[in-house]
Amino acid sequence: DAGVTQSPTHLIKTRGQQVTLRCSPKSGHDTVSWYQQALGQGPQFIFQYYEEEERQRGNFPDRFSGHQFPNYSSELNVNALLLGDSALYLCASSRPRSGYTFGSGTRLTVV
Amino acid sequence: AQSVTQPDIHITVSEGASLELRCNYSYGATPYLFWYVQSPGQGLQLLLKYFSGDTLVQGIKGFEAEFKRSQSSFNLRKPSVHWSDAAEYFCAARPPRNKLVFGAGTILRVKS
Numbered sequence: 002d003a004g005v006t007q008s009p010t011h012l013i014k015t016r017g018q019q020v021t022l023r024c025s026p027k028s029g030h031d032t033v034s035w036y037q038q039a040l041g042q043g044p045q046f047i048f049q050y051y052e053e054e055e056r057q058r059g060n061f062p063d064r065f066s067g068h069q070f071p072n073y074s075s076e077l078n079v080n081a082l083l084l085g086d087s088a089l090y091l092c093a094s095s096r097p098r099s100g101y102t103f104g105s106g107t108r109l110t111v112v
Numbered sequence: 020a021q022s023v024t025q026p027d028i029h030i031t032v033s034e035g036a037s038l039e040l041r042c043n044y045s046y047g048a049t050p051y052l053f054w055y056v057q058s059p060g061q062g063l064q065l066l067l068k069y070f071s072g073d074t075l076v077q078g079i080k081g082f083e084a085e086f087k088r089s090q091s092s093f094n095l096r097k098p099s100v101h102w103s104d105a106a107e108y109f110c111a112a113r114p115p116r117n118k119l120v121f122g123a124g125t126i127l128r129v130k131s
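Going down the list, the protein sequences come from chains U and P. Each residue of the first sequence is one higher than the one before, counting from 2 in the numbering used here. Each residue of the second sequence is one higher than the one before, counting from 20 in the numbering used here.
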């Protein structure tokens with residue numbers, strides 16, 4: 002049974018560019034959450050998707066947007082990249098009364 | 020403000036010694052509580068979770084955690100640490116129907 006799959010694993014982008022990160026949830030999970038983890042810090046909540054809608058959002062600017070598809074997979078889009086957006090981006094899937102299952106993350110480097 | 024606090028940034032223990040990592044939460048009602056482990060450059064692996072019931076929770080890799088409502092704590096323990104346990108450990112809390120919030124993490128070093 003595959004867990005959470007994220008792609009790509011690594012990415013290098015230039016300031017001002019746009020990026021799309023992808024996530025396939027664990028089988029049986031219907032909720033996807035995205036987190037940003039800067040070096041040396043704990044993961045920070047970006048937003049959560051359920052039934053193809055953004056259900057909750059953390060303290061991130063509108064440059065961060067997302068989408069959930071009917072098969073529960075999800076995308077995270079970041080526009081107008083800044084150097085400070087360099088981080089490990091983690092996707093987690095869940096269902097009611099379950100822990101979150103995390104993917105291995107996408108390491109984004111903005112140069 | 021609702022939060023999760025891990026007071027220890029780094030902890031070093033000798034291989035074979037016991038381990039306790041501290042976690043305190045600040046929420047109006049008892050949230051769901053979790054411990055995750057992260058190896059460098061990797062994602063987060065769930066060690067154990069507490070929703071309700073028995074306050075002593077058993078997890079994977081020989082870890083356990085005890086929920087203490089009076090102290091708003093959920094400390095992680097292991098009787099005998101192995102070198103492979105060296106990693107970063109995150110405590111996390113989630114009020115029902117709300118997002119999962121992480122502490123800042125505790126880096127565990129194991130010396131032989």
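Calculated from the structure, these hints are not laboratory results. A virtual CB, placed ideally from N, CA and C, is assigned to each residue, including glycine. A portion of the hints provided could be inaccurate.
[Unchecked claim] Here are the simulated DMTMM-like cross-link-like pairs (lysine to aspartate or glutamate), alpha carbons at most 25 Å apart as the crow flies:
#  : chain 1 : residue 1 : chain 2 : residue 2
1  : P       : LYS80     : P       : GLU39
2  : P       : LYS118    : U       : GLU54
3  : U       : LYS14     : U       : ASP86
4  : P       : LYS87     : U       : GLU54
5  : P       : LYS118    : U       : GLU55
6  : P       : LYS68     : P       : ASP27
7  : P       : LYS80     : P       : ASP27
8  : P       : LYS80     : U       : GLU76
9  : P       : LYS68     : U       : ASP31
10 : P       : LYS118    : U       : ASP86
11 : P       : LYS118    : U       : ASP63
12 : P       : LYS68     : U       : ASP86
13 : P       : LYS130    : P       : ASP73
14 : P       : LYS87     : P       : GLU107
15 : P       : LYS80     : P       : GLU107
16 : P       : LYS68     : P       : GLU83
17 : P       : LYS68     : U       : ASP63
18 : P       : LYS118    : P       : GLU34
19 : P       : LYS118    : P       : GLU85
20 : P       : LYS130    : P       : GLU107
21 : U       : LYS14     : U       : ASP63
22 : P       : LYS87     : P       : ASP73
23 : P       : LYS118    : P       : GLU107
[Stated by the list, open to error] Now the stretches of chain P that chain U is said to cover, found in silico as 3 or more residues with beta-carbon under 8 Å:
#  : region
24 : 53-65
25 : 115-128
[Unchecked claim] FRET-style restraints, in silico, Cβ to Cβ:
#  : chain 1 : residue 1 : chain 2 : residue 2 : range
26 : U       : GLY59     : P       : SER58     : 16 to 26 Å
27 : U       : PHE70     : P       : GLY47     : 28 to 38 Å
28 : P       : PRO115    : U       : ARG108    : 31 to 41 Å
29 : P       : SER99     : U       : LEU84     : 40 to 50 Å
30 : P       : ASP73     : U       : HIS11     : 26 to 36 Å
31 : U       : ARG108    : P       : ALA123    : 14 to 24 Å
32 : U       : PHE61     : P       : ALA123    : 12 to 22 Å
33 : P       : PRO59     : U       : GLY17     : 27 to 37 Å
34 : P       : LYS87     : U       : ARG98     : 13 to 23 Å
35 : P       : SER131    : U       : GLY17     : 46 to 56 Å
36 : U       : ARG98     : P       : SER91     : 20 to 30 Å
37 : U       : GLN57     : P       : SER33     : 17 to 27 Å
38 : U       : LEU83     : P       : ILE28     : 23 to 33 Å
Tell me if the straight-line CA distance from P/LYS87 to U/GLU54 falls inside 25 Å. Violated, at roughly 36 Å.
Given the proposed pairing of P/LYS130 with P/ASP73, does the C-alpha separation stay at or below 25 Å? violated, 33 Å
Would you say the C-beta atoms of U/GLY59 and P/SER58 sit inside 16 to 26 Å of each other? Holds, at about 25 Å.
P/LYS118 and U/ASP63 were given as a pair; does the straight-line alpha-carbon distance stay at or below 25 Å? The hint holds at about 19 Å.
Restraint status (C-alpha distance of P/LYS118 to U/GLU55 at most 25 Å): Judged against 25 Å, a Cα distance of about 12 Å means the pair holds.
28 to 38 Å as the expected CB spacing between P/GLY47 and U/PHE70, which holds or is violated: holds, 35 Å
Holds or violated: P/LYS130 with P/GLU107, Cα cutoff 25 Å? holds, 15 Å
Check whether the Cα positions of P/LYS68 and P/GLU83 lie no farther apart than 25 Å. Judged against 25 Å, a Cα distance of about 10 Å means the pair holds.
Hinted pair, alpha-carbon criterion (25 Å max): U/LYS14, U/ASP63. Please report holds or violated. Between U/LYS14 and U/ASP63 the Cα gap is close to 19 Å, so the pair holds against 25 Å.
Is 20 to 30 Å a correct range for the gap between the Cβ atoms of U/ARG98 and P/SER91? holds, 22 Å
What's the verdict on P/LYS80 and P/GLU39, does the C-alpha distance respect the 25 Å limit or exceed it? Holds, because 14 Å separates the two Cα atoms, which is no more than 25 Å.
Outcome of range test on Cβ distance (U/ARG108, P/ALA123; 14 to 24 Å): holds, 20 Å
In the structure shown, a violation is registered for the earlier hints numbered 4, 8, 12, 13, 17, 18, 30 and 37, in ascending order.
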